[in-house]
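Please work from the sequences and hints to get the whole structure.
Going by full-length UniProt numbering, 96 is the number at position 96 of the sequence shown; the sequence numbering is gapless.
Since the hints were made in silico from the structure, they are not lab data.
Glycine included, C-beta positions come from ideal geometry on N, C-alpha and C.
Among the hints, a few may not be true.
Listed next, the in silico SDA-like pairs over lysine to any residue satisfying Cα-Cα at most 20 Å (straight line) [claimed, not checked]: (1) K355 / D245; (2) K355 / S337; (3) K39 / G110; (4) K39 / V75; (5) K31 / E66; (6) K31 / V350; (7) K355 / R320; (8) K39 / Q364.
Pair by pair, the computed Cβ-Cβ distance ranges are [what the hints assert, rightly or not]: (9) V92 / G181: 18 to 24 Å; (10) T138 / M96: 33 to 39 Å; (11) V92 / G290: 19 to 25 Å; (12) R159 / H254: 54 to 60 Å.
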Amino acid sequence: MKCGVFLPTANNGYIYSTNAPQYQPTYALNKQITVDAEKHGYDFALSMVKYRGFGGETDYWNHAVESTVLMAALVEATSTIKLWASVGVPSVNPAMVARLGATLDDASAGRFGVNIVAGWNRYEYEQMGMWPSEDYYTDRYAYSAEFISILRGLWEHGRLTHQSDFFALDDCLVQPTPEHGVTVIVPGQSPASLDVAAAHADVNFILGPIDELAQAAAGLAERCARLGRHCESAVLLGIIMAETDEEAVAEAQHYMAGVDLGAQAGIAAAARNDRTGTAVNVGLKRQEGGVPPVVFDHPDRAAFLQGSCWYSPHIVGSYRRIAAYLDALDEEAGVASAVLTFADYTTDVVRFAEKVMPLMHTYQAPAR
Numbered sequence: 001m002k003c004g005v006f007l008p009t010a011n012n013g014y015i016y017s018t019n020a021p022q023y024q025p026t027y028a029l030n031k032q033i034t035v036d037a038e039k040h041g042y043d044f045a046l047s048m049v050k051y052r053g054f055g056g057e058t059d060y061w062n063h064a065v066e067s068t069v070l071m072a073a074l075v076e077a078t079s080t081i082k083l084w085a086s087v088g089v090p091s092v093n094p095a096m097v098a099r100l101g102a103t104l105d106d107a108s109a110g111r112f113g114v115n116i117v118a119g120w121n122r123y124e125y126e127q128m129g130m131w132p133s134e135d136y137y138t139d140r141y142a143y144s145a146e147f148i149s150i151l152r153g154l155w156e157h158g159r160l161t162h163q164s165d166f167f168a169l170d171d172c173l174v175q176p177t178p179e180h181g182v183t184v185i186v187p188g189q190s191p192a193s194l195d196v197a198a199a200h201a202d203v204n205f206i207l208g209p210i211d212e213l214a215q216a217a218a219g220l221a222e223r224c225a226r227l228g229r230h231c232e233s234a235v236l237l238g239i240i241m242a243e244t245d246e247e248a249v250a251e252a253q254h255y256m257a258g259v260d261l262g263a264q265a266g267i268a269a270a271a272r273n274d275r276t277g278t279a280v281n282v283g284l285k286r287q288e289g290g291v292p293p294v295v296f297d298h299p300d301r302a303a304f305l306q307g308s309c310w311y312s313p314h315i316v317g318s319y320r321r322i323a324a325y326l327d328a329l330d331e332e333a334g335v336a337s338a339v340l341t342f343a344d345y346t347t348d349v350v351r352f353a354e355k356v357m358p359l360m361h362t363y364q365a366p367a368r
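Written as structure tokens, this is what we have:
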């Protein structure tokens, strides 16, 4: 199991609660997190793209840094950790991303990757006049697949002519081409997302409890086998950890008691526009279920939480339970990597490395 960190590129990270740490996504903060991660055995750092947040009492995610610019700056602050930026494909031409990727492949000596975000929240793009069409929710998988095909074509050949309903490139040049190769990440676990990932990506980000992750990873592996390709599954997971289960549960309950209901309503309003997204709609139903109980349904593993104040799923428990849960993701679900979020990045990135990584028998140190 390789461990990465999901950088807090929007205010307050991945917990929308008045009781959680409140902070701005400054470069200084993200730099310190990434430097700490590199020193302590994390394989990669991923940054989110976000153009508009969800409001509420905490003004959740209405303050965000630009993902690709952040990762470009972090190239010079680091030397070995992989740096993966995110791109919202409705907002930029693939030829621009191809050139950006080639430049950062050179600058980072092959450490750069790009996460291709199809775009589920139309409010982010509509405010800029960049929502492609009323049909985009159904077109977005074909749009993303074509976007990545253009990236790959330009990176391989340095020039490309391409005409379609989505894109028009006329002898488009991107030279020099990447010397090392840019990692391509595709998030999502709907059948259409898995199709795109299997055909075009190197890494597929998924989320959910272990049984859902196992199903998604198996579906990806089956698709890759048919295509003769390899693509790894990686899980997005938040960590609430302590020496004891009781301490971890108390922390989680404290955050849930302060859930920002305005931010939650903003997320729900955006999600309801997307009638096709599996992860969005499953997550919405869990959020609307109210405050979930913290249940240890396995004798050794952490408790799984989704909904309430958690933007993405979290696991809760002692260091030993957290390690056991991550080991199970590798051994039972076939997940190769975990991209992790924390309540307090200033302390938890290092604490996880010191307290949890040594307990994981599946932990895979990065090749530096």
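Check: Of the numbered hints stated previously, which ones are contradicted by the structure, given in increasing order?
Finding: Hints 10 and 11 are the ones this structure does not satisfy, whereas the remaining hints hold.
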